[in-house]
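Line by line, the protein sequences give chains Z and F. Numbered per the working numbering, the first sequence spans residues 1 to 236. Numbered per the working numbering, the second sequence spans residues 1001 to 1635.
Hint data in this document are derived by calculation from the structure and do not stem from the laboratory. Just so we're clear, the structure is a prediction, and the values are computed from it rather than from any experiment. Hints may contain errors.
[Stated by the list, open to error] Think about it this way: if two alpha-carbon atoms lie no more than 20 Å apart in a straight line, the pair counts; the simulated EDC-like pairs of lysine to aspartate or glutamate are:
| no. | chain 1 | residue 1 | chain 2 | residue 2 |
| --- | --- | --- | --- | --- |
| 1 | F | 1489 | Z | 195 |
| 2 | F | 1325 | F | 1381 |
| 3 | F | 1489 | Z | 79 |
| 4 | F | 1079 | F | 1027 |
| 5 | Z | 82 | Z | 72 |
| 6 | Z | 135 | F | 1620 |
| 7 | F | 1527 | F | 1213 |
| 8 | F | 1186 | F | 1027 |
| 9 | F | 1360 | F | 1381 |
| 10 | F | 1558 | F | 1533 |
| 11 | F | 1083 | Z | 113 |
| 12 | F | 1516 | Z | 108 |
| 13 | Z | 120 | F | 1368 |
| 14 | F | 1244 | F | 1283 |
| 15 | F | 1516 | F | 1533 |
| 16 | F | 1597 | F | 1563 |
| 17 | F | 1605 | F | 1563 |
| 18 | F | 1516 | F | 1620 |
| 19 | F | 1582 | F | 1600 |
| 20 | F | 1154 | F | 1187 |
| 21 | F | 1516 | Z | 113 |
| 22 | F | 1134 | F | 1421 |
| 23 | Z | 135 | F | 1513 |
| 24 | Z | 120 | F | 1246 |
| 25 | Z | 120 | Z | 231 |
| 26 | F | 1558 | F | 1588 |
| 27 | F | 1245 | F | 1421 |
| 28 | F | 1489 | Z | 159 |
| 29 | F | 1079 | Z | 101 |
| 30 | F | 1157 | F | 1185 |
| 31 | F | 1527 | F | 1620 |
| 32 | F | 1605 | F | 1588 |
| 33 | F | 1558 | F | 1600 |
| 34 | Z | 120 | F | 1115 |
| 35 | F | 1516 | Z | 101 |
| 36 | F | 1360 | F | 1383 |
| 37 | Z | 120 | F | 1131 |
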Amino acid sequence: MLSGSWRYILGGLIIICFLYVIWNFIYTKKIRYTVFSFLCIAADFAICKAAFLFQIIFILLLSVVIILRILDRKMGLGDAAKGIIIAGFTCMLVFAIVFVENTYVGTDAFRIDVQNTYIKSVITTRRYSFDIWGKISFFYFVVLNVLLYVILDTTGKLDIIKTRKTSMFFGTVIIAEFIYTVILGGLYITRFAYENMQHGEYLTGFENYIQMLVIIIIGFWVLLIPFLWRERKKHI
Amino acid sequence: MEREKKAYMIIIGILFIAATFAIALKENIENFIAGSIILAILTTYFWATIGHIRIGLYCALVVCIIALFFCAYSCVRNKSTVKQYVLTPGLLAFIVLSFAVIALNIGVDAAESPDSPYWVRIVKGICYYDDYWKGVYANSHPQSIAIWGYLSIKTWKEWSDTLLVASNDMYMLSILLPLFACLGEKDPGKSKTRLLSNIVLTAVVFIVPQISDANEYAIYASDMIMALLIGMGIVLFAKAASEKKDVFYVLALLYFSAAVLTKRVAIVIVAMVFVWLFFILLEEKRVKLILLYLIVPTLSYVIFDRNSYAIFIILALFGALVLNKLLKVKNKKLLIIPGALVAFGVAVAITFVLKRAAQKYYYFDQKEVALAYFKMLFLADKDTYYVGRIFHMPLMLFVLISIVIFASIAVKHINFFDKYEQILTIGIFVTIFLYVAMFFYLYITQIASASGVIYRNSLLGINRYMKVIPIFISCFGIYVLISRFSSYKIMAILMLVLFLFCDMFSVASLAFERPKQVEFTGIEMLKENLGEDEEIAYVDMGISNHRGSFLLQMFPHKYRNIDELSYDYRNANGGELIDLEKLTELLEGCDYLYIYKADDVFTEKYSDLFYNQEDIKLNDALYYRNAENGLFILQ
C-alpha cells in the first residue's frame, strides 16, 4: 500500500508526531510541547521539504482558527452579522480565484493542460489510488474520512474526547490538506511541470506528495487512540 | 446616434417582487423568488405569443417598480416584518451564489452548450427581432427559458453569453431556494438562525444540480431546470399539504406550469405526478384547488404551445379519481376480478403497441436497442448512464436503494412520514417506473429511428433523459431530511454524500477553468457591412469544430458551414478531401469565405480558388469571393 520515496513516508510520520505534540500543547499548554514541535519542524526541514511546507501551513491555519475563535467570543456578533461577513468573504474568494486564474493561467495552453491534469489526478484515480475495497482516489478518500468523522461525532461516539477540541483539530487538518493541495497545484503549474516533465507526464512525484497527505489522515485516526485512552482513564 | 443603453438587471426587480410577496403573505422570501421569475415569464410569454413581446417586458418592469415602492414603504412602516421575512439567510445565500455564478462564467461561450444551435439561437433571434415567432424558427419545445433569457438580456446593455448562462443559473438556483425556508420547520426545538446549517445548506443547494455528468452551471440548457421544477414542485406540494397553507399549493402549481413550458416531455411527467397530487387533493376535498390544478397547466400548454398533449392532465385527474374510489372499497376481495381483467387488458394493450411499433420500425433491430436500454438500467456501462462518481451505480440499483432506505425508515419509525409524504413517496417511485417504461417505448421507436445508424445502439441523449430521476429522489429526500433535522452535522453528512454522487471534476472546472469565447477576427466589422442576403461560408478543419460559435456570432446573417471539410465528416467518410469542383459547387452563392483553421493540404488542393495563389492564409482568414476572379483576402 505504501510506496514511493522513504523521505515522504518519513516526512508524513514526522507530521503525525508533530500533530500529536501540537494537540497536546493546545490542551495542556506545557512548554515542552512547543520545543518538541520545533524539533519536528526542523526534522522535516532536513528530511522532506514538502512535509515542512505542510507543517507551516498547518501552524498558520491553526493560529488563524484560534484567533477567530477568541475574536468570536470577545465580539459576540450575532448570526446575521457573521453570515454577512462570511458571505462577503466568499465573494472575495470567488473574485480572487477568477483573478488568479486569469493572471497566472490565462490562455497559456500548457498551463491549462497542466491544471486540468492536476485536477483530474486529484479527483480521479489517474495517478494515485488508495486501494482498500477497489480504487479510491485521493479526493474521495478525504470525503469518506470526513464523512466517517461526522457520522461518529453525530452518533456520539467521540463525545468522550470533546474536551480535546477534536472537531476543530480535525477540521484544521483537512483544510490544511486542501490548502496544501492547492499550493502544490500552483507549484506544478508554475514551476515543476516545466522543469521536471518526464515521458510527457507533467506531475512527477505526484504520488509521494499525495500519499503523505493520506498518511496524515490515517495518522489522525491512529492518534485518536491515545487520547481516547487518556480520557477514558480520567473518567474511570 | 444610439442612446447609451442603461444597464439594470431584471433579477434585482424580481427580488423586489419576491420581497413584496414575502411581506404581504408573511412567509420567507426564498419561497417566492422562483415564483416571481415564473410569473414574469408567464406574463411576457403571453404577450410574446400574441406578437408583442416588448409589452410583456414593460409589464414586468412596471410590476418591479411598483414592488420596489412597496418594499421601500414597508421598510419604513413595517421594519420587523421586513427583517424577519426578507433579510433571511436564504436571500443572502442566493446573492452569494448569484455572484459566484456570474463571476465564474465570465467569458463563457454559450455555443458550447448542448444543442446550442437550437436553444441559444432561439433566444438570440427573439432578442434581435424583438419578436417571439421570428426568433422561434423551429417550434419543437415550449420556450419559457428563452423568455427568461430575453428578459435578462433586454434589461442589460447588450447581448452577453455570460449574462445568458448566468441568468439561467440564477433561475436554476432560485428553484431550489425554498429548501432554506424548510430548514428545521418540523424540528420542535428550532432556533431562529442557525449559521453553520445555513452555510452547509448553501453548499448543498449549489451541488444538487451537479448530480449529472455535465457542468450544469456553464451551459445553457433546459433539462436540469425542468427536473428541478418538477422535483421542487413536489416538495412545495408536500409542504402545502403538511402545513395546510394555500400559498404553497399555488407556488407548486406555478412550478409545474413552468415545467410544462420548458420541455415537451414535461407535460407527460407532470401528468404522471399529478395523479398523486390529485389523489391527495381529493382526499382533502379541495375542489377549488383541483380545478386550479386542472385548468392552469392545461391552459398554459394549450395557449403557449398550441397542441393537445394537455389531455394527459385530464387523464391524470381521471386516474386519481379511479384510484381514490378503488381504495375506498371496503371489501378488497371484490377488486380481484376487475383488477385481473384490467391487468390482462393492459398486457394486451402493451403487446399490441409493441407489435405495431415492430411493424412500423422494421428497418432496424429493435431487440438490440431494447437490450442496450436494459443494460443501461441494470448494469453500469461506462458509455451510457450511471449514477454516482466514486462508484458507478446502475440507475435501477440507485432507485432500489432509495426505495429500501425510504421503506426501512417508514417501517422503523411509524410516524416519521406523515400521510401526504407517504403518498408522495410512493407516487415518486411509481412515476419513475412509468417514466422509465415510457422512455423504453420512445427509444425503441422514435429516438432510435431518428438517431441514425451510427448512434442507434448508443442510446443517444440518454444522459439528459435519465438524470431527471436522481433529481426527483434527491429533492424530496433532502426536503424530508432537512425539515426534520436542522443540525449542521446532518447537513454536513448530506453534503458529503452528495459529493459522492456529483461530478466533482466539473465543479472544479467551474471554479478553476476560465472559459474563453472563441474569437473570429474581423467578424464584427464584416457584420456591419454585410447585407441581408449575403452569405458567408465557414471552413474549419480542426478537431474541435467551432461552427456553433460562428453561427451564433454571425447571427442574424446567413452562414453556410462547409461540413465536407470538417474533421468529423472526413473521419466518417474515409479521410478524403472533396474535389475542387465539388468545393466550388458548395461555395456557390456565398459572397465571403471565412477559414478558421485549415491544413496545408487545403492549399495544395484548392489553391486555384484563390486570386493570389502565392499567399494563402489558412488560420482566422476572411476572404471576399468574386465569381470570376476567386477569393480575395480581406484580413
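Results of checking the hints against the structure:
1. Our distance criterion of 20 Å between C-alpha atoms is broken by residue 1489(F) and residue 195(Z), whose separation comes to about 44 Å.
2. Between residue 1325(F) and residue 1381(F) the CA atoms are separated by roughly 43 Å; this puts the pair beyond 20 Å, and the hint is violated.
3. Restraint check for residue 1489(F) and residue 79(Z): satisfied, since their Cα atoms lie roughly 18 Å apart, inside the 20 Å limit.
4. Distance restraint check for residue 1079(F) and residue 1027(F): the Cα-Cα separation of roughly 15 Å lies within the 20 Å cut-off, and the hinted pair is therefore satisfied.
5. Among the hinted pairs, residue 82(Z) with residue 72(Z) is consistent with the structure: their alpha-carbon atoms are about 9 Å apart, no more than 20 Å.
6. Of the pairs offered as hints, the one joining residue 135(Z) and residue 1620(F) is violated, with about 45 Å between alpha carbons and a cut-off of 20 Å exceeded.
7. For a cut-off of 20 Å, the pair hint linking residue 1527(F) to residue 1213(F) is broken: about 37 Å separates their Cα positions.
8. For the given pair, residue 1186(F) sits about 16 Å from residue 1027(F) by alpha-carbon distance, which is consistent with the 20 Å threshold.
9. A C-alpha spacing of about 29 Å is found between residue 1360(F) and residue 1381(F), which places the hinted pair above 20 Å, so the restraint is violated.
10. Of the supplied pair hints, the one linking residue 1558(F) and residue 1533(F) holds, its CA atoms being roughly 7 Å apart against a limit of 20 Å.
11. Pair hint residue 1083(F) plus residue 113(Z) does not hold up; C-alpha atoms about 48 Å apart against a cutoff of 20 Å.
12. For the hint linking residue 1516(F) to residue 108(Z), the alpha-carbon distance of about 12 Å falls within 20 Å, and the restraint holds.
13. Between residue 120(Z) and residue 1368(F) the alpha-carbon distance is near 35 Å, which puts this suggested pair outside the 20 Å criterion.
14. Distance hint between residue 1244(F) and residue 1283(F) is fulfilled; the C-alpha atoms sit about 13 Å from each other, no more than 20 Å.
15. For the suggested pair residue 1516(F) and residue 1533(F), the alpha carbons sit about 31 Å apart, so the restraint of at most 20 Å is broken.
16. Simply put, residue 1597(F) and residue 1563(F) have alpha-carbon atoms about 13 Å apart, close enough for the 20 Å limit, and the pair holds.
17. Restraint check for residue 1605(F) and residue 1563(F): satisfied, since their Cα atoms lie roughly 17 Å apart, inside the 20 Å limit.
18. Using a Cα cut-off of 20 Å, the hinted pair residue 1516(F) and residue 1620(F) holds, with the two alpha carbons roughly 16 Å apart.
19. For a cut-off of 20 Å, the pair hint linking residue 1582(F) to residue 1600(F) stands: about 19 Å separates their Cα positions.
20. At most 20 Å may separate the alpha-carbon atoms for a hinted pair to count; residue 1154(F) and residue 1187(F) exceed this at roughly 44 Å.
21. Between residue 1516(F) and residue 113(Z), the direct Cα distance comes to roughly 14 Å. Compliance with the 20 Å bound is thereby established for this hinted pair.
22. Between residue 1134(F) and residue 1421(F) the CA atoms are separated by roughly 45 Å; this puts the pair beyond 20 Å, and the hint is violated.
23. For the proposed pair residue 135(Z) and residue 1513(F), the alpha carbon gap of about 26 Å is over 20 Å, so the pair is violated.
24. Taking the CA atoms of residue 120(Z) and residue 1246(F), the gap is near 48 Å; set against the 20 Å cutoff, the hint is violated.
25. Distance restraint check for residue 120(Z) and residue 231(Z): the Cα-Cα separation of roughly 42 Å exceeds the 20 Å cut-off, and the hinted pair is therefore not satisfied.
26. Restraint check for residue 1558(F) and residue 1588(F): the C-alpha separation of about 14 Å stays at or below 20 Å, so the hint holds.
27. With a C-alpha separation of about 15 Å, the suggested pairing of residue 1245(F) with residue 1421(F) holds against the 20 Å cut-off.
28. A C-alpha spacing of about 14 Å is found between residue 1489(F) and residue 159(Z), which places the hinted pair at or below 20 Å, so the restraint holds.
29. Straight-line distance between C-alpha atoms of residue 1079(F) and residue 101(Z) comes to about 42 Å, which puts the hinted pair past the 20 Å bound.
30. For the hint pairing residue 1157(F) with residue 1185(F), the CA-to-CA distance comes to about 42 Å; that exceeds 20 Å, so the pair is violated.
31. Straight-line distance between C-alpha atoms of residue 1527(F) and residue 1620(F) comes to about 16 Å, which keeps the hinted pair within the 20 Å bound.
32. The hinted pair formed by residue 1605(F) and residue 1588(F) meets the criterion: a straight-line CA distance of about 18 Å does not exceed 20 Å.
33. With a C-alpha separation of about 27 Å, the suggested pair residue 1558(F) and residue 1600(F) falls outside the 20 Å cut-off, and the hint is violated.
34. Annotation: proposed proximity of residue 120(Z) to residue 1115(F) is violated, straight-line Cα distance about 26 Å (limit 20 Å).
35. Distance restraint check for residue 1516(F) and residue 101(Z): the Cα-Cα separation of roughly 12 Å lies within the 20 Å cut-off, and the hinted pair is therefore satisfied.
36. For the hint pairing residue 1360(F) with residue 1383(F), the CA-to-CA distance comes to about 28 Å; that exceeds 20 Å, so the pair is violated.
37. Note on residue 120(Z) and residue 1131(F): the hinted pairing is violated, with a Cα-Cα distance of about 45 Å set against a maximum of 20 Å.
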